[in-house]
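> As a plain string of letters, each chain reads:
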Amino acid sequence: MINKMEAKHLDFYYKDTQALFNINLPVEKNAVTALIGPSGCGKSTFLRTLNRMNDVIEKTKVVGEVLMDNKNIYDPDVDPVELRKKVGMVFQQPNPFPISIFDNIAYGPRIHGIKNKQKLQELVESSLKSAALWDEVKDRLHDSALGLSGGQQQRLVIARVLAVEPEMILMDEPASALDPISTSKLEELVRELKNNYTIVIVTHNMQQAARISDYTSFFLNGKLIEYDQTNIIFTAPREKQTEDYITGRFG
Amino acid sequence: MSRKLKEKIGFGSLAVCTFLAIIPVLLIIAYLIYVGGPAITWEFITQPPHGFLKEGGIFPAIIGTLGLTTGTIIVALPLGIGTAIYLVEYSKQNFFTTLIRIAIINLAGVPSVVYGLFGLGLFVLMLNFGRSLVAGALTLGFLTLPVIISAAEEALIAVPDDYRNASLALGATHWQTISRIVLPTAMPSILTGAILGIGRAAGETAPIMFTCAAIYIPSLPNSIFDQVMALPYHLYAVATQVPNVPESKAFGAAIVLIAIVCGLNLIAIIIRTKMRLKNTR
Chain A
0 MINKMEAKHL DFYYKDTQAL FNINLPVEKN AVTALIGPSG CGKSTFLRTL
50 NRMNDVIEKT KVVGEVLMDN KNIYDPDVDP VELRKKVGMV FQQPNPFPIS
100 IFDNIAYGPR IHGIKNKQKL QELVESSLKS AALWDEVKDR LHDSALGLSG
150 GQQQRLVIAR VLAVEPEMIL MDEPASALDP ISTSKLEELV RELKNNYTIV
200 IVTHNMQQAA RISDYTSFFL NGKLIEYDQT NIIFTAPREK QTEDYITGRF
250 G
Chain B
0 MSRKLKEKIG FGSLAVCTFL AIIPVLLIIA YLIYVGGPAI TWEFITQPPH
50 GFLKEGGIFP AIIGTLGLTT GTIIVALPLG IGTAIYLVEY SKQNFFTTLI
100 RIAIINLAGV PSVVYGLFGL GLFVLMLNFG RSLVAGALTL GFLTLPVIIS
150 AAEEALIAVP DDYRNASLAL GATHWQTISR IVLPTAMPSI LTGAILGIGR
200 AAGETAPIMF TCAAIYIPSL PNSIFDQVMA LPYHLYAVAT QVPNVPESKA
250 FGAAIVLIAI VCGLNLIAII IRTKMRLKNT R
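One line per chain: the protein sequences are A and B, in this order.
Just so you know, we're using numbering that gives the first Met the number 0 here: the first sequence kicks off at 0 and counts up by one.
Just so you know, we're using numbering that gives the first Met the number 0 here: the second sequence kicks off at 0 and counts up by one.
Note that these hints are calculated values from the structure, not bench results.
Take the hints with a grain of salt, since some may be wrong.
[What the hints assert, rightly or not] Distance ranges between label pairs, derived from CB positions:
| id | chain 1 | residue 1 | chain 2 | residue 2 | range |
| --- | --- | --- | --- | --- | --- |
| 1 | B | GLY108 | A | VAL55 | 32 to 38 Å |
| 2 | B | GLN92 | A | GLN117 | 44 to 50 Å |
| 3 | A | ASP213 | B | LEU78 | 38 to 44 Å |
| 4 | A | ILE180 | B | PRO183 | 30 to 36 Å |
| 5 | A | SER38 | B | ILE73 | 48 to 54 Å |
| 6 | A | THR234 | B | THR272 | 43 to 49 Å |
| 7 | B | TYR89 | A | ARG139 | 32 to 38 Å |
| 8 | B | THR45 | A | VAL55 | 44 to 50 Å |
| 9 | A | ASP78 | B | ALA20 | 56 to 62 Å |
| 10 | B | LEU78 | A | VAL55 | 26 to 32 Å |
| 11 | A | GLU238 | B | GLY81 | 53 to 59 Å |
| 12 | A | GLN117 | B | THR272 | 44 to 50 Å |
[Stated by the list, open to error] Capping the alpha-carbon separation at 27 Å, the derived lysine-lysine pairs in BS3-like fashion look like this:
| id | chain 1 | residue 1 | chain 2 | residue 2 |
| --- | --- | --- | --- | --- |
| 13 | A | LYS58 | B | LYS273 |
| 14 | A | LYS70 | A | LYS28 |
| 15 | A | LYS58 | A | LYS114 |
| 16 | B | LYS273 | A | LYS60 |
| 17 | A | LYS114 | A | LYS128 |
| 18 | A | LYS137 | B | LYS273 |
| 19 | A | LYS137 | A | LYS7 |
| 20 | B | LYS91 | A | LYS14 |
All C-beta atoms, glycine included, are put in the ideal place defined by N, C-alpha and C.
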C-alpha cells in the first residue's frame, strides 16, 4: 500500500472553536477513500484541509501535518495555489462558471499558462471523454454550461478538474444534489477515475460509500473514530459508535 | 366585509397608486413635447446658437454634455469599480473599511451643489484647471462615484461564492479569480448601475455651473481645458438668465437632454439583456 497523502496529528480551529481533533489518516494512492459521518462531524472540514481550501476562510488555524508524497503541504515553502493544481476539488453543488462548456474546461489550463489552441482543444476533448460527458456535449461545446442538467454539470465540473491534470481529486458530497440516474453515472465515473487518480470523497450516503470506496473513515464530533477497508467497516467495525452509525441508530 | 371584497379593494388601491405615479411622468413628457416639439429641427440640433441664444441651435451644448458624460465615465468607472473590488474581494472587515463604507454612503447623500463648490475649490482654483471641461468632468465623476461603488459592490456580492471556490480550487490565484470569473460575471449589473448613475450626472446643473459651463460659447471647445456649454446649464440660462428667448427653445433643449439620458438608460438595458442572454444560452 502506497500512501499518496497522510494526515498526522491534525487539529483544525475556526476562530476559537476546535473542529478537528488529532486526525491521523492515510490516503492510499489510486484508491477511493470515503469520509462518512453525521452532519457537522468535520468530514468536509477535513477534506478542505487536504487542498488548503480552508485557507480562504478568515481566522482558521491548522496544527499538525498533511503529507503529500512525504512533503508537508503546510510547510511555509508550499504555495497553496500550486497545491490546488495538484489536488482538484468537486463541490456539493455543481458550480460551472456562467460561460461556455469549452471555456469552463479550458479555464484551468488557461490560468496555468496554456495558450496553444490545438493543445486546449485536445485537453477539453480528453477531459470530457474521461468524465463521460463528451458524447452528450460534443455538438454544443460553445453553448453556456448553465444549460446542462445537474448531473451533466457535475460531470462537467469533474472534467474541468481533470483538465488541470491533477494527481488527486477531492469530492465533497458530489451526488447530493443529483437524481438517482445521475448519481449512478457519477459513481461509475468515480470507479473509473481511481485507475489514474487518488480520490477522497465525502458522502452522506452509506450505500454509496460501500459501493464505490476502497477505504472508509468514520468521523464523529471532529474526531476520526475508525478507519479501515470499506468491507471491514461495513461488516465488522471495531468501534460501537461506527456500528451504531452504519446501522442507522443515530446520525 | 368578505375576503374577496377586501382583496378587490387592496388591488384596486394599488392600481390607483401606480396610475398616480405614472401621471406626472406622462404629463411632463407631453408638456415638453407640446411646447418644445416645434423647436426641434435639424438646424436646432446641429447648429451653434447666435444672437446670444435667441436664435440658432444648441449643438455646442449637446457636444458639451456628451463630453462631460464621457469624462464622468472615464473618471468614475475605473475608480468606482476598483474601490468596490477592493472592498468586497480584498479588504477584511475592520474599523477602517467600515469607515470607508460610511463615508461612501454619506457621500451619496451630499447635495450636488456642494460637489459644485468642492469642484470649484479643488479643481478650478487649487489645481488651477480653471473653469473647464476637465474640472466639470472630475466634479461630476466624484458626484457619481458613490453610486458606482454601491452598484459595483452589490453586483460583486451577488456573484455566488461557488464560482470563487471553483476557481481557487483549480489553482487560480485570487487575482485570476477576480479578473477572469468574478468581474465578468458581475459586469452587466455593474454597468447597468453605473450608466444609471452617469445618466443622473448628465442632467446635473449645480456641479457644472461653478466648474465648467458657460452661458454662451457658439464655438466648440478646442481642448479639455476650455469651458463648454452644457444642456442642463443652458436650460437654466435660457429660462432665467437671458431675457426674451422663445420658450420653445428652452423646452426643445429639455427634450434633447431627456433623450440623451433615456439613450444612456437604453444602453444600460441593452447591455444587461445581451449579457444575460449570452450567459444562459
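> Now tell me, hint by hint, if it's right for this structure.
Comparing the hints with the structure gives:
In this structure the hint that B:GLY108 and A:VAL55 lie 32 to 38 Å apart at CB holds, the actual value being about 35 Å. Here the CB-CB span from B:GLN92 to A:GLN117 is close to 46 Å, well matched to the stated 44 to 50 Å. Between A:ASP213 and B:LEU78 the C-beta distance comes to about 55 Å, which lies outside the given range of 38 to 44 Å. Between A:ILE180 and B:PRO183 the CB atoms are about 33 Å apart, so this pair conforms to the stated range of 30 to 36 Å.
Range check, A:SER38 to B:ILE73: Cβ separation about 52 Å, and the 48 to 54 Å hint holds. About 59 Å separates the C-beta atoms of A:THR234 and B:THR272, a value inconsistent with the hinted range of 43 to 49 Å. For the hinted restraint 32 to 38 Å between B:TYR89 and A:ARG139, the CB-CB distance of approximately 37 Å keeps it satisfied. For B:THR45 paired with A:VAL55, a C-beta distance near 57 Å fails the hint of 44 to 50 Å.
Under the hint 56 to 62 Å, the C-beta atoms of A:ASP78 and B:ALA20, about 57 Å apart, fit the expected range. Against the hinted window of 26 to 32 Å, the Cβ-Cβ separation of B:LEU78 and A:VAL55 comes to about 27 Å, which satisfies the hint. Between A:GLU238 and B:GLY81 the CB atoms are about 55 Å apart, so this pair conforms to the stated range of 53 to 59 Å. A:GLN117 and B:THR272 have their C-beta atoms about 35 Å apart, which leaves the hinted 44 to 50 Å range violated.
About 40 Å separates the Cα atoms of A:LYS58 and B:LYS273, which puts this hinted pair outside 27 Å; it is violated. A threshold of 27 Å between alpha carbons decides the hint, and for A:LYS70 with A:LYS28 the separation of about 15 Å falls inside it, so the pair holds. A C-alpha spacing of about 37 Å is found between A:LYS58 and A:LYS114, which places the hinted pair above 27 Å, so the restraint is violated. About 44 Å separates the Cα atoms of B:LYS273 and A:LYS60, which puts this hinted pair outside 27 Å; it is violated.
For the hint linking A:LYS114 to A:LYS128, the alpha-carbon distance of about 21 Å falls within 27 Å, and the restraint holds. The suggested pairing of A:LYS137 with B:LYS273 holds, with an alpha-carbon distance near 25 Å, which does not exceed 27 Å. As the CA atoms of A:LYS137 and A:LYS7 are separated by approximately 44 Å, the hinted pair breaks the 27 Å bound. Distance hint between B:LYS91 and A:LYS14 is fulfilled; the C-alpha atoms sit about 15 Å from each other, no more than 27 Å.
Checked against the numbered hints given earlier, the structure breaks hints 3, 6, 8, 12, 13, 15, 16, 19 and satisfies all the rest.
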